[in-house]
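Trainee: Here is what each chain is made of, one letter per residue.
2 protein chains.
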Amino acid sequence: MPKGVPETVPDDGLTTRKRRRLPVLAVHTGAGKGKSTAAFGMAMRAWNAGLDVAVFQFVKSAKWKVGEENSMLALGGLNRDTGAGGPVQWHKMGQGWSWIQRGDDAVEDHAESARAGWAEITRRLAAQEHDFYVLDEFTYPLHWGWIDTDEVVETLRNRPGTQHVVITGRYAPQALIEAADLVTEMTKIKHPMDAGRKGQKGIEW
Amino acid sequence: MPKGVPETVPDDGLTTRKRRRLPVLAVHTGAGKGKSTAAFGMAMRAWNAGLDVAVFQFVKSAKWKVGEENSMLALGGLNRDTGAGGPVQWHKMGQGWSWIQRGDDAVEDHAESARAGWAEITRRLAAQEHDFYVLDEFTYPLHWGWIDTDEVVETLRNRPGTQHVVITGRYAPQALIEAADLVTEMTKIKHPMDAGRKGQKGIEW
Chain A
3 MPKGVPETVP DDGLTTRKRR RLPVLAVHTG AGKGKSTAAF GMAMRAWNAG LDVAVFQFVK
63 SAKWKVGEEN SMLALGGLNR DTGAGGPVQW HKMGQGWSWI QRGDDAVEDH AESARAGWAE
123 ITRRLAAQEH DFYVLDEFTY PLHWGWIDTD EVVETLRNRP GTQHVVITGR YAPQALIEAA
183 DLVTEMTKIK HPMDAGRKGQ KGIEW
Chain B
3 MPKGVPETVP DDGLTTRKRR RLPVLAVHTG AGKGKSTAAF GMAMRAWNAG LDVAVFQFVK
63 SAKWKVGEEN SMLALGGLNR DTGAGGPVQW HKMGQGWSWI QRGDDAVEDH AESARAGWAE
123 ITRRLAAQEH DFYVLDEFTY PLHWGWIDTD EVVETLRNRP GTQHVVITGR YAPQALIEAA
183 DLVTEMTKIK HPMDAGRKGQ KGIEW
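Protein chains in written order, with my numbering: chain A, 3 to 207; chain B, 3 to 207.
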């Protein structure tokens with residue numbers, strides 16, 4: 003299908019070239035499949051464009067989405083070894099973020115871990131450490147009130163440079179949707195589990 | 003989020019293990035973004051599982067989705083060089099499929115090209131040449147009547163082995179949806195082009 007042509011040209015004083023470099027905030031929400039998968043597909047595309055990609059998974063299990071993680075890290079390794087594409091980092095909350103030193107007495111507190119993840123992302127956004135961020139399943143700590151949505155929206159709206167951010171998960175808060183440039187809802191029409199089927203290797207993970 | 007547990011267990015005489023190996027037919031449809039991107043994200047996951055991946059793009063322009071193509075081919079190259087993941091092929095209709103010899107007098111007929119693509123896929127499915135097929139934008143030749151939907155559904159329903167197939171594009175025919183195991187509709191809630199913005203490198207392509 004042909005590339006879309008904007009229906010209106012904004013009166014923002016920007017040239018098309020400058021408008022092409024605007025940072026994008028995308029949200030993938032809804033109860034259907036493909037929210038994270040499409041975000042990782044975008045990350046793959048960003049890699050090819052030579053962008054610096056960082057994924058932050060706000061999930062409990064370290065095993066989750068290991069297929070995408072391995073593939074993206076393989077692309078990151080290719081960048082390191084041959085210079086193709088861009089660098090890739092993959093961080094997951096799991097039992098605690100990789101950058102946090104853990105003592106034996108570490109308390110497993112998901113709300114606290116989620117806040118620590120967001121604090122680190124805030125720091126990286128301010129420092130413009132990456133070009134393309136995936137905040138996977140990040141809507142949940144917002145939805146559950148673990149992280150303040152207004153503060154997140156404020157930080158994202160004011161992020162410097164041309165850093166792209168993709169946020170996935172159900173129940174995206176309205177304020178986040180309003181702040182986003184691109185919002186897609188994935189709706190389940192039919193799922194194998196409805197017929198009692200379990201996940202397939204290579205398909206579900 | 004925890005992995006889902008089936009609500010019902012089917013009375014099909016299969017063990018969970020066997021049910022895990024059932025081939026999946028997935029359809030990504032709707033007017034929103036992410037249909038193809040999620041399919042390529044699934045392909046990336048399939049690559050990591052060591053599956054043999056083949057993408058067939060039913061599009062006119064050879065430039066389309068070059069970001070995903072390059073990244074997937076980079077993963078395919080990694081498989082060739084190091085044995086990681088699975089092999090990757092990427093075919094596009096463009097001015098004619100790669101496997102078709104073209105004379106100088108070649109007529110550019112998109113309907114004919116689309117039919118030639120489907121004929122080749124039919125052959126490969128029968129021969130079980132791949133494990134994971136992406137038929138990108140394949141709903142359009144069905145929707146436009148270039149390829150007979152009933153024949154496609156019949157072929158897909160009867161495909162041998164455990165070959166997974168993901169089909170993307172708007173206007174998925176009802177018969178295809180009925181035949182599919184997993185159907186997701188992507189709905190546009192908000193898009194940058196609504197605000198007159200053009201595509202961003204690393205984001206849109």
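Quick caveat, the hints were computed from the structure, so don't treat them as lab data. Careful: at least some of the hints might be erroneous.
Copies of the same chain look alike in the list, so a pair counts if it works inside one copy or between any two.
Using 25 Å as the maximum straight-line C-alpha spacing, the simulated SDA-like pairs for lysine to any residue come out as follows [to be verified]: (1) Lys190 / Arg125; (2) Lys62 / Gln91; (3) Lys62 / Ala86; (4) Lys192 / Glu180; (5) Lys190 / Ser100.
Trainee: Against each hint, give a clear statement of whether it holds in the structure.
Mentor: Do the hints match the structure? See the list:
1. Taking the shortest alpha-carbon separations for Lys190 and Arg125, neither the intra-copy value of 36 Å nor the inter-copy value of 31 Å comes in at or below 25 Å.
2. For the homomeric pair Lys62 and Gln91, the shortest alpha-carbon distance inside one copy (18 Å) is at most 25 Å, but the shortest distance between copies (35 Å) is not.
3. Proximity of Lys62 to Ala86 under the C-alpha cut-off of 25 Å is found in neither arrangement, the shortest distances being 32 Å within a copy and 27 Å between copies.
4. In this assembly of identical chains, the alpha carbons of Lys192 and Glu180 lie at most 25 Å apart only when taken from different copies (9 Å versus 29 Å within one copy).
5. Neither within a single protomer nor between protomers do Lys190 and Ser100 lie at most 25 Å apart by alpha-carbon distance, with minima of 34 Å and 35 Å respectively.
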